[in-house]
Amino acid sequence: MGFLETLKSIFNIEKINIDLSIVKIIKNDHSKKVEVKDNNLIINVSKSIEEKDKIISEGTAFQGLEEGFTFLEDGAVEKLEDFQKYDQSDATRKPLGFLKNKIPSEDINIWRAALYLREHYRHKDHKLTTQVKREIRQKYGDKGGNIANLCSAEYLENFLEPLYFNLKEQYEAEDEAIKEFKKTYKHVVTELPFTIFVSHQSDLDGIKKEISKKRTYGHRHINIHGIGSGNTKTIENLLEELEENTEYKIKKQVKEEGRIFVRLEYIKK
Amino acid sequence: MEKIVKFEFQAKRDILHFFNKDINKEGYVIEKDTGDIVPDTTGEPIEEKDFVGIRNGSLIFIKSDINSIIELSDSLTS
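Heads up: the sequence lines are chains A and H, in that order.
Mapped onto this note's numbering, the consecutive letters of the first sequence carry residue numbers 38 to 306.
Mapped onto this note's numbering, the consecutive letters of the second sequence carry residue numbers 656 to 733.
So that you can see chain H by itself, here it is in the shape it has in the complex (with noise of 0.2 Å):
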């Protein structure tokens, strides 16, 4: 597999950091200088424990469940 930062479930935070984002108190990934809630591809809130990845494309949160995964996978192999 190429180009992928591989990151520990323990690091998710730093993850987010890294791209300006965090998590609100009701677990929601958010920007960190608005916390205004960041949507995922289908315009829902993204919750922390659903969160397990990012990629390029107007900064795509990717989501532990197996339509995120099919997505990912084909934007991969595209």
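Next up, chain A with everything else stripped away, as it sits in the complex (with noise of 0.2 Å):
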């Protein structure tokens, strides 16, 4: 007997006769101990008492995790069907195949929630966006934050692409193309060498000591990038205090919908 027919067994209702395509398990009062509708199998088990010894003692569920059914909340239901609904789209698919074999593998499912975690930022979900920025920071540490912060300010297409087609130009050989590319992809990713993301922790001393870093590394420009009303504010209070500086100019300035960007440029001295 399978999962779904011991469960109908325990209930006593193994004389419906329908093909049972979801089982729902619910709590609560004033629903019925158990019910059929629309070949959904309804389980409260606030009033199932004697069954629910039943499917511990004969381990009903552990048969099910055998037939392959998963156990999952609601929520998470929700949160699945979201996820592979972007997962699944071009938006997410095209980016992953460029990726793919050019970057660790172990990569991938940073980028795979980087780029959920910006289709929810385009619509605007600002929650959502902190709470998964959150849990890739939380698993993957620095480098997941960097990837998160990279992805949203489409550092994907307007330079890792492009950065690997004028390499592909460059190099005969698409292995050197793709090594070389390895090379500069770990470098952006784990020390952000021309990009400076600024955050509700940052204040003007530490952005500023980022700054001159950051020139060790060589690049002409580094790239400022904030969110929110807060980090505008600081980004525009840090730019006033660069006007008297002699070292960088500001080469370029956007601010729209909440965001600001700006880039500045090393003088030569």
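It is worth saying that the hints were derived from the structure and are not from the lab.
All of these numbers come straight from a predicted model, not from anything done at the bench.
Hints may be right or wrong, so weigh each one.
Here are some of the chain H residues that sit facing chain A, going by a computed Cβ distance under 7 Å [stated by the list, open to error]:
{"no.": "1", "residue": "I670"}
{"no.": "2", "residue": "F674"}
{"no.": "3", "residue": "S728"}
All C-beta atoms in this analysis are idealised placements derived from N, C-alpha and C, irrespective of residue type, glycine included.
Mind assembling these two chains? They're in different frames, but the hints should get you there.
Quick look at the structure:
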């Protein structure tokens, strides 16, 4: 007897001859103990004391797992469906197709999460965006946070892809181009050599120190990004101070839809 | 979506009981018989608030974070 048949037997509804497609476990005082609705078997565990004991003693839930069932909370089902919708879309598949075989395989899932985050950022779902970024950082540390920020700021399309195609023109063998790309990729996602993402934890002194540190990498420009009014204000304050600075000039400044982007150029002496 | 047993947030502990698991005073998922803490796939303890499900493969406990959702998605489509 399979898992679904066992459940029907425990709840004495074997005679109901319906192909069950979904099992839903609920817990409340107003629903029936068991119900079959639109091919769904709905079990109310708050009214199923004996049946619960039977499920436990007979190992029915384990049987379900062995048959390939996954037990999943409603909220997680929604999250899974939402993730899969974006993960299977062209907006994710295309960039992932580009990255495959060009970056370490362990980074692919960081990019999948980052692309998912970016879609929600574009839809202004800031609560989810903040949560997903925190979860990426928790699992993958600074590199995860860097990839999430680089992805949201479109460095994949505007830096990594052009970089690879330039290298491909430069090197005859594709392997060589990929090898060089991997080197730069690693440097970019671990060090952020020419990019600063200002967060609510950043202060002016810290950002200035970071600018000086990044100068040692030898790039001509440095890009500074900020999202939200607080971070925008921090960057504007920085720019006021930099106006008197003779080492950098402000090459570009874009402020739109709650975000700010500034490109500084080092002045050669 | 196939082969999913959906459960409400309120039924979380009942689902854990189905698998002989429980929650200790500190709020972590434990073995009902021994009180031992049940780890997630990375070996970390699982807080009740993070637990969202169980899948096959030596009883894998699913957490609510995006990284676990990606692993789950891959396990369901593989």
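Comparing the hints with the structure gives:
1. I670: holds (6 Å)
2. F674: holds (6 Å)
3. S728: holds (6 Å)
In the structure shown, no violation is registered for any of the earlier numbered hints.
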